[in-house]
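Student: Sequence:
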Amino acid sequence: MDCPAEEQQVRAQLAGEAGIAHLAFDLPARRLSVYHDGSVAPIQARLEALGFGCQPLDSTPTAEPPPRDDAPAERRVLWQLMAINAAMFVVEVVAGWWAQSTGLLADGLDMLADAAVYALALLAVGGAAGRRLRTAHLSGWLQAALGAGIAFEVGRRIVFGAAPHPPVMLAIAALALVANVACVVLLARHRNGGAHMQASWIFTANDALANLGVIVAGVLVAWLNTPWPDWVMGAAIGALILSGAWRILRLR
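According to my numbering, the sequence shown is numbered sequentially starting from 34.
By construction, these hints were calculated from the structure, which means they are not laboratory data. Errors might be hidden in some of the hints.
[Claimed, not checked] Taking CB as the label site, the calculated pair distances span: (1) Trp112 <-> Ala272: 28 to 36 Å; (2) Leu90 <-> Trp130: 30 to 38 Å; (3) Leu282 <-> Pro105: 29 to 37 Å; (4) Trp256 <-> Ala57: 44 to 52 Å; (5) Ala178 <-> Val214: 24 to 32 Å; (6) Arg109 <-> Gly194: 41 to 49 Å; (7) Leu282 <-> Trp130: 52 to 60 Å.
Model, not experiment: these values are computed from the prediction. Even for Gly, the Cβ is constructed at its ideal location relative to N, Cα and C.
Go ahead and model the full structure; you've got the sequences and the hints to work with.
Tutor: Here is the structure:
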């Protein structure tokens with residue numbers, strides 16, 4: 034979640050700063066251009082408070098207007114992404130509970146966290162700057178609760194035992210992979226657009242790797258006849274969710 038989570042945290046951190054007209058991110062280079070009026074000092078102070086190692090590179094006056102994003106098209110795509118992730122959250126959680134798979138449960142809850150990130154991206158497109166920080170904190174508490182729930186469930190199953198069903202794990206994880214590939218296709222036209230769209234692209238591509246991890250865990254459960262690969266995968270996804278929640282809740 035690092036790239037998209039950091040991008041959304043920066044947006045939330047700067048949401049209340051007056052005079053900012055546009056934020057232009059270069060994610061591969063980890064560079065941010067801020068189009069603003071007035072002093073750069075309060076902006077720099079807010080960015081340094083995030084603890085990302087922010088360093089100013091240049092400050093240049095310009096008469097050019099800030100770039101404009103294709104807001105209607107981006108909004109439509111983000112709604113579709115949020116709907117896909119919300120639907121897969123329901124499918125994976127129900128299937129994971131029935132199949133006794135912490136990997137599926139964790140991946141399903143990660144889908145819910147994804148939907149929350151897309152909701153934050155929708156706020157970025159819509160420009161509701163005053164509500165971004167509160168929405169980010171709400172998302173952070175939600176993710177913290179989800180991560181804690183996953184940790185509790187993994188511990189409970191280790192103590193009391195559980196027998197995951199590999200065929201169900203493989204089938205549902207494959208379906209989730211198809212859903213994430215569909216999200217990648219939807220984002221393809223916007224991957225070089227605004228930073229929130231670039232972040233969503235990276236986020237979705239990384240989620241596809243998590244789906245592959247659950248598939249590998251299902252294969253190992255069937256091959257080794259042990260639930261440990263499923264438990265390890267569930268714990269790993271839960272740790273990622275908790276890490277993202279901690280970073281979001283540090284926003285001030």
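Student: Please go over all the hints and tell whether each is borne out by the structure.
Tutor: Hint check results:
1. Trp112 <-> Ala272: 28 to 36 Å: With Cβ atoms ~30 Å apart, the hint holds.
2. Leu90 <-> Trp130: 30 to 38 Å: Between Leu90 and Trp130, where Cβ atoms are some 49 Å apart, the hint is violated.
3. Leu282 <-> Pro105: 29 to 37 Å: Because 32 Å falls inside the window, the suggested range holds.
4. Trp256 <-> Ala57: 44 to 52 Å: About 48 Å separates the Cβ atoms of Trp256 and Ala57, which means 44 to 52 Å holds.
5. Ala178 <-> Val214: 24 to 32 Å: 29 Å, holds
6. Arg109 <-> Gly194: 41 to 49 Å: Check passed, 46 Å falls within 41 to 49 Å.
7. Leu282 <-> Trp130: 52 to 60 Å: 28 Å, violated
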